[in-house]
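Engineer: Sequence:
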Amino acid sequence: MPLSNTQAPAGDQVRARLAKLEGLRRSGEEPYPHVSPPAAPARALVEGFGDLEGSEQAVRGRVVAFRGHGRTTFLHLEDGSGRIQVYLRQADLGAERYAVLQYLDLGDFLWAGGTLFRTRSGEITVQAREFRVLAKALRPLPLAKEEVVGGARVVHGGLGDREVRYRRRYVDLAVHAEVREVFRTRARVLAYLRRFLDGRDFLEVETPVLQPLYGGAAARPFTTHHHALDTTLYLRIADELYLKRLLVGGLERVYEIAKDFRNEGIDRTHNPEFTMLEFYQAYADYQDMMSLVEEMVVGVVREITGGTELTWRGETVDVSPPWRRVSMLEALATAGVHVAEIERTPLEACARELGLDVPTGAGAGKILDEIFKDRVEPALRGPVFVTDHPRELSPLAKAHRTDQRLTERFEAFLFGIEFANAFSELNDPLDQRRRFEAQRELGARGDAEAHALDEDYLRALEYGMPPTGGVGMGVDRLVMLLTGSPSIRDVILFPQMRPEEGRLPDEDDATGEGEGRDRQTRREGDPAGSEGGAC
RNA sequence: GAGCCCGUAACUCAGCUGGUAGAGUAGCGGACUUUUAAUCCGCGAGUCGAAGGUUCGAAUCCUUCCGGGCUCACCA
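For the first sequence, the numbering used here begins at 4 and goes up steadily by one.
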């Protein structure tokens, strides 16, 4: 038994629980049975109490509160539906079974069966005739206690350290029902988006995560290597170019909910891997896509909140269509910046005047974007579509039908956060080649995020792609807004963190140095072993 | 990458201008047959993020490092 090794560093609480584990076994209670007797959801019993009072019922879940009173014990079980109280009496269970309760802890999983009743103080409760341990917990959970003070719910305890909450999400989830709720909402958002697109004849597809050439966005990629092909592969930064190849192939409406990977900084709105919804519709342009985005967003807001208002960080907006649509140049003019020419020299002068740094190697479009971000973006409370970006910034967007300096593009903002980006997709292969070449020049001048030239994509366009509207939507950001989460980390179950230095000392001890090393050796030796092995 | 802040028991935190640690919850022991932050009595629990330095003496002061948060920058 490696138990002794685990004990010392983990402290007295783990030690006590290990002792109780043995106590359970000694009393003939299997601490980790394979199955559970059937049980009802806690909420079903509470809500259906009117009809169920006095009936035999069973519940199961995690022990989240425990109050012993000598020959009586009250505890609360929490399952996926909610909480319910269980009342256990020595008189009902018999002295021998009742004594087993001393080996229970907060955090254990338990099944209990008995009569449903209401206590003197009014709480719906199962008066247990029998119980079963379903799984023993060896580490203490920082379970919160709640009290009601003057009608307000006051929570004591819980897990506050954000680092621990993100790193040990299982604890965060186990202890905070509201965190579980965020991820249920996330799932509902995803389901709604699928339903919305499926209902409009979009086909859900899957395209490569590992790509020989990355593209579809301006970003630095993660690089990896395929051994058998002996070739460099990149984790996708976007699936755009693949989806548009499908348009060439005659799939007129496609979408993908894709994990994208960008080798960039991490902050409140950026995680290195994130979920992007991209959808493309043949015979549509960016105006059509604006309408579709409006419809989609108001639909998902209705789905989640029941209304059309969204509140985030103390601000409330109404997402009912139509949203404001403002071109980049108009917005700048409104902000007092009049841009006569999209030329490098006057723009640079303008940026300098505003006290902005002009990155070396920045083209006219980039400078315009800088000015925009500084003067306009912070004031965009939304919902709003910012449209018609300069060509240079949008190498995959079709030139604007009335102004060749611009493209037919929009970015959608809510609360100043950009959550969608869309174009009338560029389907002129010759223009696309020129744009790629311009990007290559930017790259040569040191822009690490310049788009790569993708010959196969150009070849695809040369076969002919219908006029198409396309949208990329940041799902995580959308979920942030829908759940009132201030950080993207609150809507990603396991956000990227710096690796923990080594393993926890007590876990090292539990596994044993030698065993850990063994395991690694075995894994590394495996391929060689199978080559020359018994088979 | 820059600035500010944080890291003390399982959890939430206190520890002033240096004298090697405290509270509540959780845990352990005891009392208690309708409690609900149950209550009452008692007890234990900590490489004070890490390493150096100053000092007779460091959780406390200094330096560096590690990890995190916020703001900014970067990032459509």
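Simulated from the structure, these hints should not be mistaken for lab results.
C-beta atoms are modelled at their ideal positions from N, C-alpha and C, and glycine is treated no differently.
Keep in mind that a hint or two might mislead.
Stated by the list, open to error - Quick list of the computed label-pair ranges, beta carbon to beta carbon: (1) Gln407 <-> Val158: 53 to 61 Å; (2) Val212 <-> Met500: 20 to 28 Å; (3) Arg448 <-> Thr311: 18 to 26 Å; (4) Glu318 <-> Gly73: 31 to 39 Å; (5) Gly125 <-> Glu503: 42 to 50 Å; (6) Ala382 <-> Gly160: 54 to 62 Å; (7) Glu181 <-> Glu318: 17 to 25 Å; (8) Leu176 <-> Ala94: 31 to 39 Å; (9) Glu503 <-> Thr122: 38 to 46 Å.
What the hints assert, rightly or not - The calculated DMTMM-like cross-link candidates involving lysine to aspartate or glutamate, where the alpha carbons are at most 25 Å apart (straight line), are: (10) Lys23 <-> Glu99; (11) Lys262 <-> Asp201; (12) Lys262 <-> Glu126.
Engineer: Now tell me if each hint is right for this structure.
Structural biologist: Now for the hints, and whether the structure bears them out:
Taking 53 to 61 Å as the suggested C-beta distance range, the pair Gln407 and Val158 conforms, at roughly 59 Å. At roughly 22 Å, the beta-carbon separation of Val212 and Met500 lies within the given 20 to 28 Å, and the hint holds. One distance hint, 18 to 26 Å for the beta-carbon pair Arg448 and Thr311, is violated here, with the actual separation near 46 Å. Between Glu318 and Gly73 the C-beta distance comes to about 53 Å, which lies outside the given range of 31 to 39 Å.
Hint check: Gly125 to Glu503, Cβ distance near 46 Å, so the stated range 42 to 50 Å holds. A hinted range of 54 to 62 Å is violated for the C-beta pair Ala382 and Gly160, which are about 41 Å apart. In this structure the supplied range 17 to 25 Å holds for Glu181 paired with Glu318, their Cβ-Cβ distance being about 21 Å. For Leu176 and Ala94, the hinted distance range of 31 to 39 Å is satisfied, since their beta carbons lie about 37 Å from each other.
The hinted window of 38 to 46 Å between Glu503 and Thr122 holds, with their beta carbons roughly 45 Å apart. Taken as a hint, the Lys23 and Glu99 pair is honoured in the structure, with Cα atoms around 16 Å apart against an allowance of 25 Å. Of the supplied pair hints, the one linking Lys262 and Asp201 holds, its CA atoms being roughly 20 Å apart against a limit of 25 Å. A distance of roughly 46 Å separates the Cα atoms of Lys262 and Glu126; the hinted pair therefore is violated under the 25 Å criterion.
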